[in-house]
Amino acid sequence: MDINEPRLGDQFSETQEGPVALDHLGEWQKTVNCDTLRPADVGREVILMGWVQRRRDHGGLIFVDLRDREGITQVVFDPQIAELCHERAGALRSEYVLAVRGNVRLRPEGMTNAKLPTGEVEVAAVELRILNSSKTPPFQVEDEVEASENIRLKYRYIDLRRPKLFKNLVARHKVAQLTRSYLNELGFLEVETPVLTRSTPEGARDYLVPSRVNSGKFFALPQSPQLFKQILMVAGFERYYQIVKCFRDEDLRADRQPEFTQIDMEMSFISEEDIYSLIEGWIEKVFLELKGSSPLAPFARMTYAESMDLYGTDRPDTRFGLLLTEVTDVVANSEFRVFRQAIERGGIVKALCVPGGKDLSRKELDDMIEFVKIFGAQGMAWIKIQPDGWQSPIAKFLAPEVQQALIERLSIDTGDLILFVADQKKIVNDALGNLRGRLGKQLGLIDPEALNLVWVTDFPLLEWDANEKRYTSVHHPFTSPVESDMELLDTEPEKVRSRAYDLVLNGIEIGGGSIRIHHQEVQRRVFQALGISGEEAREKFGFLLEALQYGAPPHGGIAFGLDRLVMLLCGCSSIRDVIAFPKTQKAICLMTNAPSEADVNQLLELCLKVEAERNA
RNA sequence: GGGGUGGUAGUUAAGUUGGUUAUAACGCCGGCCUGUCACGCCGGAGGCCGAGGGUUCAAGUCCCUUCCACCCCGCCA
Numbered sequence: 026m027d028i029n030e031p032r033l034g035d036q037f038s039e040t041q042e043g044p045v046a047l048d049h050l051g052e053w054q055k056t057v058n059c060d061t062l063r064p065a066d067v068g069r070e071v072i073l074m075g076w077v078q079r080r081r082d083h084g085g086l087i088f089v090d091l092r093d094r095e096g097i098t099q100v101v102f103d104p105q106i107a108e109l110c111h112e113r114a115g116a117l118r119s120e121y122v123l124a125v126r127g128n129v130r131l132r133p134e135g136m137t138n139a140k141l142p143t144g145e146v147e148v149a150a151v152e153l154r155i156l157n158s159s160k161t162p163p164f165q166v167e168d169e170v171e172a173s174e175n176i177r178l179k180y181r182y183i184d185l186r187r188p189k190l191f192k193n194l195v196a197r198h199k200v201a202q203l204t205r206s207y208l209n210e211l212g213f214l215e216v217e218t219p220v221l222t223r224s225t226p227e228g229a230r231d232y233l234v235p236s237r238v239n240s241g242k243f244f245a246l247p248q249s250p251q252l253f254k255q256i257l258m259v260a261g262f263e264r265y266y267q268i269v270k271c272f273r274d275e276d277l278r279a280d281r282q283p284e285f286t287q288i289d290m291e292m293s294f295i296s297e298e299d300i301y302s303l304i305e306g307w308i309e310k311v312f313l314e315l316k317g318s319s320p321l322a323p324f325a326r327m328t329y330a331e332s333m334d335l336y337g338t339d340r341p342d343t344r345f346g347l348l349l350t351e352v353t354d355v356v357a358n359s360e361f362r363v364f365r366q367a368i369e370r371g372g373i374v375k376a377l378c379v380p381g382g383k384d385l386s387r388k389e390l391d392d393m394i395e396f397v398k399i400f401g402a403q404g405m406a407w408i409k410i411q412p413d414g415w416q417s418p419i420a421k422f423l424a425p426e427v428q429q430a431l432i433e434r435l436s437i438d439t440g441d442l443i444l445f446v447a448d449q450k451k452i453v454n455d456a457l458g459n460l461r462g463r464l465g466k467q468l469g470l471i472d473p474e475a476l477n478l479v480w481v482t483d484f485p486l487l488e489w490d491a492n493e494k495r496y497t498s499v500h501h502p503f504t505s506p507v508e509s510d511m512e513l514l515d516t517e518p519e520k521v522r523s524r525a526y527d528l529v530l531n532g533i534e535i536g537g538g539s540i541r542i543h544h545q546e547v548q549r550r551v552f553q554a555l556g557i558s559g560e561e562a563r564e565k566f567g568f569l570l571e572a573l574q575y576g577a578p579p580h581g582g583i584a585f586g587l588d589r590l591v592m593l594l595c596g597c598s599s600i601r602d603v604i605a606f607p608k609t610q611k612a613i614c615l616m617t618n619a620p621s622e623a624d625v626n627q628l629l630e631l632c633l634k635v636e637a638e639r640n641a
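For the first sequence, our numbering gives the first residue as 26, with consecutive numbering after it.
In short, the hints are calculated from the structure, not lab data. Remember, predicted model here, so these are calculated numbers, not experimental data. Just so you know, even glycine gets a beta-carbon here, dropped at the ideal spot from N, CA and C. Hints are not guaranteed to be accurate.
To be verified - Subject to a maximum C-alpha distance of 25 Å in a straight line, what follows is the list of computed BS3-like cross-link-like pairs (lysine-lysine): (1) Lys494 to Lys451; (2) Lys398 to Lys388; (3) Lys608 to Lys192; (4) Lys565 to Lys242; (5) Lys192 to Lys316; (6) Lys565 to Lys270; (7) Lys494 to Lys466; (8) Lys388 to Lys466; (9) Lys270 to Lys611; (10) Lys409 to Lys398.
Stated by the list, open to error - Computed beta-carbon distance windows for the label pairs: (11) Lys189 to Gly401: 30 to 40 Å; (12) Ser558 to Asn209: 34 to 44 Å; (13) Arg550 to Arg387: 50 to 60 Å.
Full structure from sequences and hints, please.
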């Protein structure tokens, strides 16, 4: 603590117009964090270092709330204790960086601050070192002050000083570390897989990286380490994991970033049940650590078919009822043309019965109709079950026996509101499934504390892609079909079930995986069903097909979206709040301004030419 | 590619049927203040109303184009 240490300001004052002379850190070391001091520490001499949260200048006395990542401690600059120090403290402003040496003392009677953990004490400054000044920040570093997201992202280093955001990243760190220790103990090996890899068909659009050494050729950034982890199983590693960045060049959402992190794992010689219990043990640990309690294992299970029927989605939110009910058969012969025509065209009719929903206004019904249109529905029919009869634009088309059948099918009570959508199955499920979620929130049916986990199982292996006019994988092309369904692969491919499973938390998919194909012949047949020719399969996946011929063990795995998991655990509604440096919806980093144009010489080296922007 | 919400001072917002000098809060600057903690009091500065075009005697306000942020559909095995 050499008071003769030169001040930075002495050196720079002539060349750098700063608002205040700066000091060197010198030999000082931070002795306590800003959240630690308590009455028991009274009398200690401490050195605090941090940022000025707020300065309250009373003329004769200056208070500074000093903030570091852990918390806030009040520092008092009292001229009777250190006159020079008090004088310099007058120059302090928000976000200046300080080191303060001083003595811990109790605050006077009645002057404690119950809002701060350190609020019973304060540090009387003996010596102040101003380590850096700060421009006036574009927004205040407080959880309550909500700046717009573009300004927060541009000045992310200031945004990250806000305790809430910092805590989110601490939670993320904890999940990652806890995951590692859990898997390490169970004999899993963390293995890194390439980031520069090859583009594969199927799945998302790839990010491409040109190869300078191999001009005209491109690496792709991995959408997931899928094939590498399977190859590691062939290599006999038996238990692999990785917390790894994945890249998908698709449009963004609140829960989708172009680069995101997967907790990825794979095991040999296992079945579905081994995965379930492994993950249930892990989730329990994560939830206990971050939430203080955990849903009890074993978690609920639901088949894909059941989920689609009752929830209209493969990510059921089981925190509330309001289930979908199919009424196609009941209304097939009704006078209501919309229902009849939809059914004649191969569609279905489903209904939601909202208990006590008769009091929803016409405006709210109109809003719902607009809402279901987002998902392709043409409209939505409704019936209010009033005490004096059915109030509905369509009641007159429903014969008494149809009405009676609906009452039984939907367990209708007086006061209920019935909502119908008739269309192709996918549209009906999308529309009503999403409407159900919206109503759940709107009507307050959701317990905000609930953490409902459910395994969704028995997914179909394939689904028909009307645009591409071929089958595509529901999960991915390496997912094992259920063996007893294999014979359907050539005749009724959409009926083949896969050995895939998803884990859904409060209606959000947090993880998914499958038992993989480990026989070359099965893999070839699945590629064939996907319309991937033998030649293309050899070209794109030859290494996998070959590896499967060298003693591939039965294996399977699962991957979790770390960002989404932490988002849910932190109660956030966007994964941007759990990512240190996220991108905007246009996939731009507002802090670095990435992506940027490439230098002509870089392009020349890569043998690339940028064409004029396409005019759509 | 499409639908929606928003863009006004450093920040967050208000701004009437188009009408004098565009408001407020916080922040910022100056002054006063020895117990504040969202300190207080007095004074002050600060604006290309996202950008471009148009209508009009007159545009923050109306019209067109465009950019940016956010939410959603498509897309994301």
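We went through each hint and held it up to the structure:
no., hint, result
1, Lys494 to Lys451, "holds (17 Å)"
2, Lys398 to Lys388, "holds (15 Å)"
3, Lys608 to Lys192, "holds (20 Å)"
4, Lys565 to Lys242, "holds (14 Å)"
5, Lys192 to Lys316, "holds (13 Å)"
6, Lys565 to Lys270, "holds (22 Å)"
7, Lys494 to Lys466, "violated (38 Å)"
8, Lys388 to Lys466, "holds (17 Å)"
9, Lys270 to Lys611, "holds (19 Å)"
10, Lys409 to Lys398, "holds (21 Å)"
11, Lys189 to Gly401: 30 to 40 Å, "holds (38 Å)"
12, Ser558 to Asn209: 34 to 44 Å, "holds (43 Å)"
13, Arg550 to Arg387: 50 to 60 Å, "holds (55 Å)"
Consistency with the previously given hints fails for number 7 only.
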